[in-house]
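Those protein sequence lines, which keep their order, are chains C and G.
For the first sequence, the residue numbers in my numbering are 1 to 473.
For the second sequence, the residue numbers in my numbering are 1 to 473.
Check the hints yourself; a few may be wrong.
If several chains are the same, the list does not tell them apart, and a pair holds so long as it fits within one copy or across any two.
Keeping only pairs whose Cα atoms sit at most 20 Å apart, straight-line, the calculated EDC-like set for lysine to aspartate or glutamate is [as the list claims (entries may be wrong)]:
id : residue 1 : residue 2
1  : Lys462    : Glu450
2  : Lys111    : Glu409
3  : Lys279    : Glu319
4  : Lys225    : Glu175
5  : Lys111    : Glu319
6  : Lys111    : Glu136
7  : Lys114    : Asp14
To be clear, the hints were calculated from the coordinates, so they are not data collected in a lab.
These numbers come from a predicted model, not from an experiment.
There are 2 protein chains.
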Amino acid sequence: MNAALPTHLMPHVDPRPVPASLIDGLRVRFGDRLSLAAAVREQHGRDESPFAVRPPDAVVFCESTTDVSDAVRLAAEHAVPVIAYGTGSSLEGHLLAVQGGISLDVSRMDKILKVSPEDLLVTVQPGVTREQLNREIRDTGLFFPIDPGANASLGGMAATRASGTNAVRYGTMRENVLALEVVTASGEVIRTGTRARKSSAGYDLTRLMVGSEGTLGVITEVTLKLYPLPEAVSAAICHFPDEGAAVATTIQLIQLGVPIARCELLDANAVTAVNRHAKLALREATMLLMEFHGSPASVAEQAQTVQEIASEHGGEDFEWATTPEERSKLWAARHQAYFAAMTMHPGCRTVTTDTCVPISQLADCVVAAKREAQEAGLPHYIVGHVGDGNFHIAYLVNPDRPEERDRAEALNERVVQRAIACGGTCTGEHGIGLHKQGFLVDETGAGTVEMMRLLKRALDPKNILNPGKIFAL
Amino acid sequence: MNAALPTHLMPHVDPRPVPASLIDGLRVRFGDRLSLAAAVREQHGRDESPFAVRPPDAVVFCESTTDVSDAVRLAAEHAVPVIAYGTGSSLEGHLLAVQGGISLDVSRMDKILKVSPEDLLVTVQPGVTREQLNREIRDTGLFFPIDPGANASLGGMAATRASGTNAVRYGTMRENVLALEVVTASGEVIRTGTRARKSSAGYDLTRLMVGSEGTLGVITEVTLKLYPLPEAVSAAICHFPDEGAAVATTIQLIQLGVPIARCELLDANAVTAVNRHAKLALREATMLLMEFHGSPASVAEQAQTVQEIASEHGGEDFEWATTPEERSKLWAARHQAYFAAMTMHPGCRTVTTDTCVPISQLADCVVAAKREAQEAGLPHYIVGHVGDGNFHIAYLVNPDRPEERDRAEALNERVVQRAIACGGTCTGEHGIGLHKQGFLVDETGAGTVEMMRLLKRALDPKNILNPGKIFAL
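Okay, chain C solo, but in the shape it has when bound:
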């Protein structure tokens, strides 16, 4: 886990006072589910970002929508911030109590409320994690594809508009959240969306809440799309002479409309880290890790096409993983890349970029980022959901050497500005949080951010919902 990183990168706002009367009110309502313990508060004041811990004043362990509603209502009376907390795996400082306040831990809201196999839908409480969901619905023959690296909570994944390795085929949380139950800034409980696959009924509040990082409401129920487990699944790895060749292969696949389910880039550094961490023996060279879903015939056909295109770009050593065990091992290794790299560099912290660019620009962006990192002499690795145009270059920095931190931030800045210049975004799936507020303005323009502020003020006039995230207010 990352510990403290540059406070100079965090906007400074004085914490708001939390009156004793609020704490008293919460204690009456929640009893020993209210915690003021330092260790509990510290745990809730951090995430996987490189920011220093900013503990909340108190933590309430919510077990129901009514709990969330009552806690928000009490906090609202005193204009005190509330920050929803799932598993603590976000990467942009979303959970830090930069203005103080109450952390609403929803991890105990971990019930799968309704599985509707015939409608390919499930409704869950926000604390259910993605792995738990897939475990519990295994018997239905369905699965939920969105898989950020961590075993995140589905409420948190909705709040950050998360995606992962399957997005190229199945979309992100944007496409896969069908409906929500949300507690508003006044503690009211509302519902957005229905169980219908599509709707033109008024403003798309579901998608306004998805990605709003807890700043517009607290998510208390999530209705998600499920998918039939594919009849056939096959994973493959293929090595390339360099990142450019691997990405060129990807670009061609996407342009041809090959319905590939996963298409992940790992540079040689990432493969090395994954090898050591997961005790694999992959060749330590630039690699695409792919997966194909469909009927047996369709999977075979896709694989054939991919192999041909990869060969044209110098791809070699095409290897198949057809058993579920082999596949699981490969994908588990891929998901652990972040921690694997940190294990290789003990004491280091990770500064991760998250740009997403139009697919035609991806090779240039990846190659330039790689070159700059090499020139800067910082340990780094690249993993990418390249089918989407999204890649992460991560820099490992020694927190005792501020110049490394500065170099990483300077590299990050170049990666982001290059992405924005070619029509891309500063964040494909991690969110804005604390770190990218300036980039958001660069990307969208001040007028667009001002529109976001207008929406925030309208729905949260006291600015109590995860204040200080996405933009200063």
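Starting from the structure of chain C, add chain G where the hints point.
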């Protein structure tokens, strides 16, 4: 085209005064592109809905974003409504100037601004129609799949969150609009979204604008996803003993994950209308009209699966249309069903439902709607994008017989309430407009509509952007 229908179904609000100084200002700025002619105003005060014409006070023919921005700015100074107008094909009264004001005709903004085949993207002005777009990009090997019945403008399609026959495979405007340029209520020009396929950069303003029916901003540019033309396409029709059997087939296809591209239900009445209008000789019985996209092998495999499932449900007379000409003829006929039915009932107007329900509920909903219409003795037909759970039962009513109108409205009410009761929506793709404002409250709850109102007030404090649509304010 429909003419006048029940004014008692329209919320009454007095038109706001349009001061002579505004008209003067518009004339100075726009010259003869400002029209006060009655015929022009009448044309802009109607759509394909069964509502009586409500002409705007003036029409401005906009040719650029700056035109739109300047017109909105002038209108805002006088708190006068503005209503964007594309092709006039909406179905829920969206274009009616119920509070008076200025119609901003954007049909001359019909340029395709940028085609990026390598990124599978296109940026268009809002007046480009869906057919024009597909015509102009034909050489790229790409297509844009969203196809409401009418040859609507892409700005209008974004504003109503339209879909059509391809949504089961390719999604709706919700999934296919990647970015927008929007003129705000103050006349400012902002951009939402980027050219990246996914993003977690702040609030999803793109999807807030998509489906907002012109009430939050005027769309002046739309960036859309394109798709590679499938290598193989095959269409098929299959007849069924009744609607229940056709829908049961559809449900099973969806639950199995067959990647069908189009799956349309036509009841016998719809087939009859289509036969007469398009001079076809289809058997006049309940029918599924389907299309399969993919590689030749994948299309063959899908077709085989569908044929087997259909047979289990009594489907027979499977017929193939493999040439582009045959397919085009069938789909053109399908798209003309609305007009075909009106041609069969001269002088009648159409009251169309647009419910969308969870797929498991679809058979019950379709069968009940059919039975009720038969019992009521009203001419009717059913067409449905049944792969999405969306179907339209349309009632043809004689405007000189108010009791028919009332019966149609009573039937509509039952269809909608049944959809809402089983977790569906009152509108899958047509929007709320004027007619469904009560249904919106029934569907989402008063608290949710109040949240929509808060957003509207925040972005349009003078209530000038298509006021009176979606909800009263």
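Verification of the supplied hints:
1. For the identical chains of this complex, lysine 462 and glutamate 450 are neighbours both inside a copy (17 Å) and across copies (18 Å), given an alpha-carbon limit of 20 Å.
2. With identical chains, the CA atoms of lysine 111 and glutamate 409 are never at most 20 Å apart, being 40 Å at best within one copy and 41 Å at best between copies.
3. Taking the shortest Cα distances, lysine 279 and glutamate 319 sit within 20 Å of each other inside one copy (18 Å), while across copies they are farther apart (56 Å).
4. Taking identical chains as interchangeable, the C-alpha atoms of lysine 225 and glutamate 175 lie at most 20 Å apart whether they share a chain (9 Å) or sit on different chains (14 Å).
5. In this assembly of identical chains, lysine 111 and glutamate 319 lie within 20 Å of each other by CA distance neither inside one copy nor across copies; the values are 39 Å within and 48 Å between.
6. Proximity of lysine 111 to glutamate 136 under the C-alpha cut-off of 20 Å is restricted to the intra-copy arrangement: shortest distance 10 Å within a copy versus 51 Å between copies.
7. Taking identical chains as interchangeable, the C-alpha atoms of lysine 114 and aspartate 14 are never at most 20 Å apart, the minima being 42 Å within one chain and 47 Å between chains.
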